[in-house]
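Engineer: Line by line, the protein sequences are chains X and Y.
Numbering follows my numbering, with no gaps: position 116 of the first sequence is 116.
Numbering follows my numbering, with no gaps: position 30 of the second sequence is 1030.
Certain hints may be false.
[As the list claims (entries may be wrong)] In silico EDC-like pairs for lysine to aspartate or glutamate, Cα to Cα no more than 16 Å straight-line: (1) LYS1104/Y x GLU44/X; (2) LYS78/X x ASP57/X; (3) LYS78/X x GLU14/X; (4) LYS11/X x GLU44/X; (5) LYS1099/Y x GLU14/X; (6) LYS1099/Y x ASP56/X; (7) LYS1068/Y x GLU1003/Y; (8) LYS1001/Y x GLU44/X; (9) LYS1099/Y x ASP86/X; (10) LYS78/X x ASP63/X.
[Claimed, not checked] Pair by pair, the computed Cβ-Cβ distance ranges are: (11) LEU1011/Y x ARG9/X: 24 to 30 Å; (12) ASN30/X x GLY1016/Y: 41 to 47 Å; (13) GLU1056/Y x ASP71/X: 19 to 25 Å; (14) THR38/X x LEU1011/Y: 20 to 26 Å; (15) SER1059/Y x MET39/X: 24 to 30 Å; (16) SER1069/Y x THR5/X: 36 to 42 Å; (17) PRO54/X x SER1028/Y: 41 to 47 Å; (18) LYS1042/Y x GLU18/X: 24 to 30 Å.
Derived from the structure by calculation, the hints contain no laboratory data.
These numbers come from a predicted model, not from an experiment.
Using N, Cα and C, we set each Cβ at its ideal position, and we do this for glycine too.
The lines below spell out each chain.
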Amino acid sequence: DARVTQTPRHKVTEMGQEVTMRCQPILGHNTVFWYRQTMMQGLELLAYFRNRAPLDDSGMPKDRFSAEMPDATLATLKIQPSEPRDSAVYFCASGLVRDGTLVQETQYFGPGTRLLVL
Amino acid sequence: KQEVTQIPAALSVPEGENLVLNCSFTDSAIYNLQWFRQDPGKGLTSLLLIQSSQREQTSGRLNASLDKSSGRSTLYIAASQPGDSATYLCAPLMNRDDKIIFGKGTRLHILP
C-alpha cells in the first residue's frame, strides 16, 4: 500500500526556532508538492519539484522558507526562523509526470505536519 | 490568476438527503478538475476527476459535473450518510503539469 509519509506529524516550537519537515514521496513518483493549509487561506501551493529540481517556489516566503530534495526519496521543507504566522498544517503530495503530463492525473497527499509556533 | 470559490462554506443536513456542492472558477482554460475529500486531521483523498472534455463523472453515490465554459462544477451526493461528513475541495488543474488550485472547501456535516 504505497503512501506519502510525513514527519513529524505534530510540532510545537517557539518563535525564532528552526523547523524542518520531511516527506517521503511514493516510490517511483517524480514530482513532489508542498502545500500549506490554514483556515483563512485554505490550501496554498508553496513549492514543487520535478526529478528533484525545483520548478516553482513562488508561493514560498523566500526569506525564511527553503525546500530541497536531497534524494528521490526525501523532500524537506525548512523554516528558519519560525514565526507564529507560520502555524498551519503543511502537506506534501507526490505524483508521476511523464512527457509533461501527470500520468495518473492526480496527486497523492500525505497526512500533513501540524505546526504550532508560539 | 485562477480563483476558485466554493458555496456553501458549510452545510448540515439530515441523513438520507441528496445534496449539491457548488464550485466556480474564474479561468475556464483548465486541463481537468478534481473533487477531493478531507477528513479532520487527515490529508486529501481524490474522489472524482473530470477531464476538460467531459461533462460528468460518477462514482457510487457521487456525481460530479463540469461546465467549463461557465466555470462551474457541482458535486452531487445521493442518499447522504453520516460517513460522508468531511470537507470537500474543488481543484482545477490549469495546465497539463501545472499546479492544482484549491477552493477553500465546503464543510459537510450529515446528521444521524
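Engineer: Does the structure break any of the earlier hints, and which numbers would those be?
Structural biologist: 4, 5, 9, 13 and 17
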